[in-house]
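These protein sequence lines map, in sequence, to chains A and B.
My numbering puts the first sequence at residues 161 to 331.
My numbering puts the second sequence at residues 130 to 315.
It is worth saying that the hints were derived from the structure and are not from the lab.
Ideal Cβ positions, reconstructed from N, Cα and C, are used throughout, including at glycine.
A couple of the hints might just be wrong.
Said to hold, decoys possible - Calculated lysine to any residue pairs in the SDA-like style (CA-CA distance at most 25 Å, straight line):
(1) A:Lys-328 - B:Glu-283
(2) A:Lys-322 - B:Val-293
(3) A:Lys-322 - A:Thr-309
(4) B:Lys-201 - B:Val-211
(5) A:Lys-259 - B:Val-211
(6) A:Lys-266 - B:Thr-280
(7) A:Lys-266 - B:Asn-300
(8) A:Lys-256 - A:Gln-238
(9) A:Lys-259 - B:Pro-312
(10) A:Lys-328 - B:Asp-268
(11) A:Lys-266 - A:Asp-299
(12) A:Lys-328 - B:Ile-222
(13) A:Lys-322 - B:Ser-269
(14) A:Lys-266 - B:Leu-314
(15) A:Lys-328 - B:Leu-263
(16) A:Lys-256 - B:Leu-306
(17) A:Lys-328 - B:Thr-288
(18) A:Lys-284 - B:Thr-309
(19) B:Lys-201 - B:Leu-190
(20) B:Lys-201 - B:Leu-217
(21) A:Lys-322 - B:Lys-238
(22) B:Lys-238 - B:Leu-217
(23) A:Lys-266 - A:Gly-288
(24) A:Lys-284 - B:Leu-314
(25) A:Lys-211 - A:Val-223
(26) A:Lys-266 - A:Glu-192
(27) A:Lys-259 - A:Trp-177
(28) A:Lys-256 - B:Pro-311
(29) A:Lys-211 - A:Phe-163
(30) A:Lys-266 - B:His-296
Claimed, not checked - Covered stretches of chain A (in silico footprint by chain B; criterion: 3 or more residues with CB under 8 Å from a CB of chain B, positions within the stretch not fixed):
(31) 252-263
(32) 279-285
(33) 298-312
(34) 324-330
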Amino acid sequence: MSFAHALFELTQEQNLWQALPGQLHALASAVEVSPELPVFFRQPGLSDADKTARLSGVLADVVHPIVVQFAAQLMAQQRLNELPAIVVQYQQLLDKAQKVLPATVKTTVPMTDDQQYRLVETLKQMTGMSDIRLTRQVDPDILGGVMLTLQDLVIDGSLSGKLSQLRKQWC
Amino acid sequence: MMLPLFAIYPLTAHLPAESSNWVTTLLQSNALNVVLALGVLGYLAARFKIGSALDGRQQQLAASVQQMEQQKLKAQQSLQQVKHRSELLHREIDQILSEARQSADALAKQIVQQAEQDAERIRQQAQAGQQSLLAQAQDSIQQVFLGEVLTEAEAALRTRMQHVDPHNAINQFIERLPQTAPPTLR
Numbered sequence: 161m162s163f164a165h166a167l168f169e170l171t172q173e174q175n176l177w178q179a180l181p182g183q184l185h186a187l188a189s190a191v192e193v194s195p196e197l198p199v200f201f202r203q204p205g206l207s208d209a210d211k212t213a214r215l216s217g218v219l220a221d222v223v224h225p226i227v228v229q230f231a232a233q234l235m236a237q238q239r240l241n242e243l244p245a246i247v248v249q250y251q252q253l254l255d256k257a258q259k260v261l262p263a264t265v266k267t268t269v270p271m272t273d274d275q276q277y278r279l280v281e282t283l284k285q286m287t288g289m290s291d292i293r294l295t296r297q298v299d300p301d302i303l304g305g306v307m308l309t310l311q312d313l314v315i316d317g318s319l320s321g322k323l324s325q326l327r328k329q330w331c
Numbered sequence: 130m131m132l133p134l135f136a137i138y139p140l141t142a143h144l145p146a147e148s149s150n151w152v153t154t155l156l157q158s159n160a161l162n163v164v165l166a167l168g169v170l171g172y173l174a175a176r177f178k179i180g181s182a183l184d185g186r187q188q189q190l191a192a193s194v195q196q197m198e199q200q201k202l203k204a205q206q207s208l209q210q211v212k213h214r215s216e217l218l219h220r221e222i223d224q225i226l227s228e229a230r231q232s233a234d235a236l237a238k239q240i241v242q243q244a245e246q247d248a249e250r251i252r253q254q255a256q257a258g259q260q261s262l263l264a265q266a267q268d269s270i271q272q273v274f275l276g277e278v279l280t281e282a283e284a285a286l287r288t289r290m291q292h293v294d295p296h297n298a299i300n301q302f303i304e305r306l307p308q309t310a311p312p313t314l315r
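Given the sequences, and given the hints that come with them, work out the whole structure.
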């Protein structure tokens with residue numbers, strides 16, 4: 161069983177749907193932006209007990225004990241740098257179980273709450289999912305319109321996309 | 130021994146009377162008879178010997194003549210054969226020359242045909258290359274032109290979008306989303 165599956169089962173058993181994913185994402189982001197963190201915890205001068213104590217000391221007040229325990233386990237196996245990939249896999253399992261579809265929307269200006277709500281509702285109706293986990297991005301290079309990505313499906317309603325299409329057709 | 134005397138006796142008839150008598154006298158002498166007989170005998174022997182020799186020689190000559198005639202015949206036959214072979218050779222040479230001429234003509238014709246075909250092929254290739262180059266040039270010009278048009282359009286759009294409310298486009302996008310998603314998403 162993979163780390164992601166183990167975490168997913170713990171989430172289900174202890175009903176930690178709300179807390180755990182966010183904390184895991186935060187920790188994964190910290191590892192991603194600080195590559196020196198796993199290196200620090202691989203220092204030969206520190207014993208495993210010292211490392212676990214230090215990690216627990218840092219995380220104990222901010223994350224669930226399961227997350228601390230999980231991070232300590234990865235550190236002991238010197239696989240802390242794999243945490244971001246494990247969290248992505250964990251999130252996929254969560255999404256599948258909760259019938260949540262991840263979506264990324266790109267616009268030239270931030271969407272209003274109303275637009276976001278209408279988009280989520282439309283996508284829920286369109287896909288039959290319980291919820292849409294929407295990631296919003298602002299990108300002026302698309303010139304105008306919206307670029308929506310649903311897993312492998314890209315719905316390109318941007319002006320830059322239409323120009324690219326014209327360029328492909330003509331040139 | 131008397132035969133020669135009798136043989137020459139008639140000769141005396143043509144001699145003058147005095148001589149005839151003298152010869153007769155002589156003939157009546159035995160010594161003379163002996164001498165004469167010996168002479169006649171010698172004469173006859175010599176003549177016989179010469180005759181024999183002449184006969185032999187004549188036979189030899191006849192044989193030689195016959196041999197020469199045979200050789201002449203053979204030579205004529207050889208000459209005929211040589212003439213015949215010469216004619217055959219001439220005919221053969223003529224045939225070879227004729228065939229060689231025909232072969233040379235055919236080869237020359239083939240070479241000319243091949244050269245014409247090559248020239249035609251090269252001409253077509255050149256024409257095709259020219260057309261291809263022309264088409265490429267047209268495409269390049271068109272691409273450059275359209276690329277410029279699109280770049281200008283993009284710049285114009287950027288400027289225009291500054292004066293347009295971007296939320297309108299977002300609203301339109303949400304309103305125009307399809308009602309159903311592909312089966313892979315459901």
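Hints and how they fare:
Straight-line distance between C-alpha atoms of Lys-328 of chain A and Glu-283 of chain B comes to about 15 Å, which keeps the hinted pair within the 25 Å bound. Using a Cα cut-off of 25 Å, the hinted pair Lys-322 of chain A and Val-293 of chain B holds, with the two alpha carbons roughly 17 Å apart. For the given pair, Lys-322 of chain A sits about 16 Å from Thr-309 of chain A by alpha-carbon distance, which is consistent with the 25 Å threshold. For the suggested pair Lys-201 of chain B and Val-211 of chain B, the alpha carbons sit about 15 Å apart, so the restraint of at most 25 Å is met.
Only pairs whose Cα atoms come within 25 Å are accepted, and Lys-259 of chain A paired with Val-211 of chain B is rejected, the gap being roughly 117 Å. For a cut-off of 25 Å, the pair hint linking Lys-266 of chain A to Thr-280 of chain B stands: about 22 Å separates their Cα positions. Pair hint Lys-266 of chain A plus Asn-300 of chain B holds up; C-alpha atoms about 13 Å apart against a cutoff of 25 Å. For a cut-off of 25 Å, the pair hint linking Lys-256 of chain A to Gln-238 of chain A is broken: about 29 Å separates their Cα positions.
Of the supplied pair hints, the one linking Lys-259 of chain A and Pro-312 of chain B holds, its CA atoms being roughly 15 Å apart against a limit of 25 Å. About 13 Å separates the Cα atoms of Lys-328 of chain A and Asp-268 of chain B, which keeps this hinted pair within 25 Å; it holds. Restraint check for Lys-266 of chain A and Asp-299 of chain A: the C-alpha separation of about 6 Å stays at or below 25 Å, so the hint holds. Taking the CA atoms of Lys-328 of chain A and Ile-222 of chain B, the gap is about 77 Å. The hint is violated against a cut of 25 Å.
Distance restraint check for Lys-322 of chain A and Ser-269 of chain B: the Cα-Cα separation of roughly 22 Å lies within the 25 Å cut-off, and the hinted pair is therefore satisfied. Taken as a hint, the Lys-266 of chain A and Leu-314 of chain B pair is honoured in the structure, with Cα atoms around 19 Å apart against an allowance of 25 Å. Proximity of Lys-328 of chain A to Leu-263 of chain B is assessed by CA-CA distance (about 22 Å); at most 25 Å being required, the pair is judged to hold. For a cut-off of 25 Å, the pair hint linking Lys-256 of chain A to Leu-306 of chain B stands: about 23 Å separates their Cα positions.
Annotation: proposed proximity of Lys-328 of chain A to Thr-288 of chain B holds, straight-line Cα distance about 23 Å (limit 25 Å). Annotation: proposed proximity of Lys-284 of chain A to Thr-309 of chain B holds, straight-line Cα distance about 10 Å (limit 25 Å). Between Lys-201 of chain B and Leu-190 of chain B the CA atoms are separated by roughly 16 Å; this keeps the pair inside 25 Å, and the hint holds. Taken as a hint, the Lys-201 of chain B and Leu-217 of chain B pair is honoured in the structure, with Cα atoms around 24 Å apart against an allowance of 25 Å.
A C-alpha spacing of about 64 Å is found between Lys-322 of chain A and Lys-238 of chain B, which places the hinted pair above 25 Å, so the restraint is violated. With a C-alpha separation of about 31 Å, the suggested pairing of Lys-238 of chain B with Leu-217 of chain B is violated against the 25 Å cut-off. Between Lys-266 of chain A and Gly-288 of chain A the CA atoms are separated by roughly 22 Å; this keeps the pair inside 25 Å, and the hint holds. In summary, the hint linking Lys-284 of chain A to Leu-314 of chain B is supported, as the alpha carbons are separated by about 11 Å, within the 25 Å threshold.
Among the hinted pairs, Lys-211 of chain A with Val-223 of chain A is consistent with the structure: their alpha-carbon atoms are about 17 Å apart, no more than 25 Å. Between Lys-266 of chain A and Glu-192 of chain A the alpha-carbon distance is near 23 Å, which keeps this suggested pair within the 25 Å criterion. About 13 Å separates the Cα atoms of Lys-259 of chain A and Trp-177 of chain A, which keeps this hinted pair within 25 Å; it holds. For the suggested pair Lys-256 of chain A and Pro-311 of chain B, the alpha carbons sit about 17 Å apart, so the restraint of at most 25 Å is met.
For the suggested pair Lys-211 of chain A and Phe-163 of chain A, the alpha carbons sit about 20 Å apart, so the restraint of at most 25 Å is met. Only pairs whose Cα atoms come within 25 Å are accepted, and Lys-266 of chain A paired with His-296 of chain B is accepted, the gap being roughly 12 Å. Counting residues of the stretch 252-263 of chain A whose beta carbon lies closer than 8 Å to any beta carbon of chain B gives 1, which falls below the threshold of three, so the coverage claim is violated. Counting residues of the stretch 279-285 of chain A whose beta-carbon sits less than 8 Å from any beta-carbon of chain B gives 4, enough to reach three: the coverage restraint holds.
Closer than 8 Å: that is the beta-carbon criterion, and the stretch 298-312 of chain A has 8 residues meeting it against chain B, so the requirement of 3 holds. For the stretch 324-330 of chain A, the assignment as covered by chain B holds, since 3 residues bring a beta-carbon within under 8 Å of that chain's beta-carbons and 3 suffice.
Hints 5, 8, 12, 21, 22, 31, counting from the list given before, are not met by this structure.
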